[in-house]
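Number of protein chains: 2
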Amino acid sequence: MYKFNKIEKLLKSAIIPIKKKELIHINQALGRFLAEDVYSRIDIPPENNSAVDGFLFKNKVLKTNIYKKFKVDSELNAGEKLKDVSLYKNIVKISTGAHIPKGFDVVIMEEDFVINEKIIYLKKKNILKWMNIRKKGEDIKKNQKVFSKGHFLKAQDIGMLSSLGINKIKVIRKIKVGILSNGNEIIEPGKNKLSHQIYDINRYTLLSLLRNNYINVLDFGIVRDNYKKIKQKLNSLKNKSDLIIISGGASSGSKDYVVKIIKEIGAINFWKVSIKPGRPFGFGMLKKNKPILILPGNPVACFVIFFLFGKKLLNFLNDNLSYKPEYYLVKSNFSMKKKIGREEFLRGKTFIKDGKMYVNKFNKQGAGILSSITWSNGLIRLKSNQSSIKKNSNLEFYPYQND
Amino acid sequence: MYKFNKIEKLLKSAIIPIKKKELIHINQALGRFLAEDVYSRIDIPPENNSAVDGFLFKNKVLKTNIYKKFKVDSELNAGEKLKDVSLYKNIVKISTGAHIPKGFDVVIMEEDFVINEKIIYLKKKNILKWMNIRKKGEDIKKNQKVFSKGHFLKAQDIGMLSSLGINKIKVIRKIKVGILSNGNEIIEPGKNKLSHQIYDINRYTLLSLLRNNYINVLDFGIVRDNYKKIKQKLNSLKNKSDLIIISGGASSGSKDYVVKIIKEIGAINFWKVSIKPGRPFGFGMLKKNKPILILPGNPVACFVIFFLFGKKLLNFLNDNLSYKPEYYLVKSNFSMKKKIGREEFLRGKTFIKDGKMYVNKFNKQGAGILSSITWSNGLIRLKSNQSSIKKNSNLEFYPYQND
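Which chain is which? The protein sequence lines are P and G, in order.
Read left to right, the first sequence gives residues 2 to 404 (the numbering used here).
Read left to right, the second sequence gives residues 2 to 404 (the numbering used here).
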């Protein structure tokens, strides 16, 4: 039985990250993994500029004017080319974002003046040099490293790339992930169901969980509990994708052929883990760098294991080896006993009361109760060495983050 | 100056949700909004079934056998049709998920027996009726309401729909959102930049933030600070999308025409709010139910305001009026003073130390510092009535949730 902490290491050491790159426009780059470090070729801001709508001064001139009355004699808007500095008289009306001509060093906000057409009277007292001026390069400096290879590009990162003037970047090529369900009992939704059959859940959940910009998802359908058919199918698929995810058929029943067949075709790296829900969960290779993730048939166990390890595996494949799921600390609103020696992941829902953050667990924690997943907003982690959970104790909470 | 809490109400009352539906396959339904309530037509599980690989008993028979030795005379796998109940002898080997024939009421796990071919000897003592049996309908009951109209469909919800046998559902039609940048200073990335120009950030960030399955994003480009051109553009766009988002040009500089023009074409519902960063932020209507969101030109303010209100607006348009962003409570790892009377949203990054969760703020909080957004993993909310933040005090933290 493999321990939780061991599995990450096993996955990491088994995976050879995909190195193939492609050059794409930043408008297509959301949710892709960078294939190269990104450096800035410019300063941001490119020049000193005004942080507010106001008036532009030379600090020296300001100090010598004891009446605090000024005549405004020019205007400078964002995006306007700077004229020869000598053409700017002492006082310039300036808009947010406009670049500061050389020699000027103070911007004072409009509301700090009494304004009478071209004549302005300064009310504010404490005037500091460089006030309301954003300095050249204060956000990003020229030649600074902005993102590292393997970085997952979020919306704000696309904005950052654009601000650097970069419209095309190299990302890891899309990875192909094939999804397969195994079982005699499962049928497609929309069809009429006999009483001993159930509709496929895992394939539809996984197809949706994998609908990311860096993945081409391939739907490999349902394969029945038939030794020959499973072997044929896995053999035929091993060159069609970078990763195969199969759910079901890995238990120890007489019709559970999946693990046996993978051992014959390739190798099983691990099988059976001390995680609840999570049995039977395994991982193997159909051939060199053709990993196969074997998820439990129970829909809750399938979801939980994919959430814990599937995402990691996908990040490792994209050379993002530092990936860790985000978690928060919350207080338990329940108490329970627990078996020592395995990690447990409960379906939980957070709430706030009297300035504290609590979590409830779903009342039915069975591996088949899909409502527990649709009801909850994340997983509660109970660690291997815990034997009981007391009310109000601190728990790690892993939000699903998929909306 | 509009207060934070007032804005949500103003947005909600101004928006007429889109009611048009379309029938789509569940494989296309991830990230769409349900246009109808969903009820289950079946029980889940459809029949009593085994939660484990084990042996199936009648509790009565078990009680009368004092030797605890049994002969296994049949086998029942998941997905097998049940034979006439009378054909099953007392002891049946059963696999996980297999349906329980009438009259049987106990499943005992394999590991609780000594197994010698067909003869099994029971080691376990406390045997309870219905042990290891999942009851028909324990997850979902026939005719139960599973999802409500306006529900946002996540991956696990697609799995749930599939498990109900539903392959097609009615969702709100995709909404069209047009993005526009305003300013003389901004140019497209990839082009050569003059010293007084900056690359467009907001349009690229927003195009990425809006790349959701329920949205068709339309890129309306950059419009210059020219009264005629802006008016022409807004007039030409008002029938082309369900929502327009424009950034920049809403300050009070002499070249800031956006608010003036919207007043002429339609109406401004509110403008200027007591949120930092967030000025100038406004909202109006180009005509009946053609809302326009006016975001600040500063990239941080633009991102923060979209995060706080843009997502709400999009949910309201999809009839999901109960939408609230998720937040967590964390402890401040900094102290600072704050102006009373406005909400502030700092860019923060969480970390865990000694079993407590803390947040750091980015060292430069200026509205132009885009690094603060790419560095942080969420926003820290400082409430209107706070005048200072002490170290270790509780703060609301809103994770970006976009990876």
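Keep in mind the hints are simulated off the structure, nothing from the lab.
From a predicted model like this one, the values you see are computed outputs, not experimental measurements.
Do not take every clue at face value.
Taking lysine-lysine and the DSS-like style, the derived pairs with C-alpha atoms no more than 27 angstroms apart in a straight line are [stated by the list, open to error]: (1) Lys362/P - Lys325/G; (2) Lys357/P - Lys338/G; (3) Lys340/G - Lys125/P; (4) Lys288/G - Lys357/P; (5) Lys256/G - Lys72/P.
Do the hints match the structure? See the list:
With a C-alpha separation of about 21 angstroms, the suggested pair Lys362/P and Lys325/G falls inside the 27 angstroms cut-off, and the hint holds. Note on Lys357/P and Lys338/G: the hinted pairing holds, with a Cα-Cα distance of about 24 angstroms set against a maximum of 27 angstroms. At most 27 angstroms may separate the alpha-carbon atoms for a hinted pair to count; Lys340/G and Lys125/P meet this at roughly 17 angstroms. Between Lys288/G and Lys357/P the CA atoms are separated by roughly 44 angstroms; this puts the pair beyond 27 angstroms, and the hint is violated.
Under the criterion of a C-alpha separation no larger than 27 angstroms, the hint pairing Lys256/G with Lys72/P is consistent with the structure, at around 21 angstroms.
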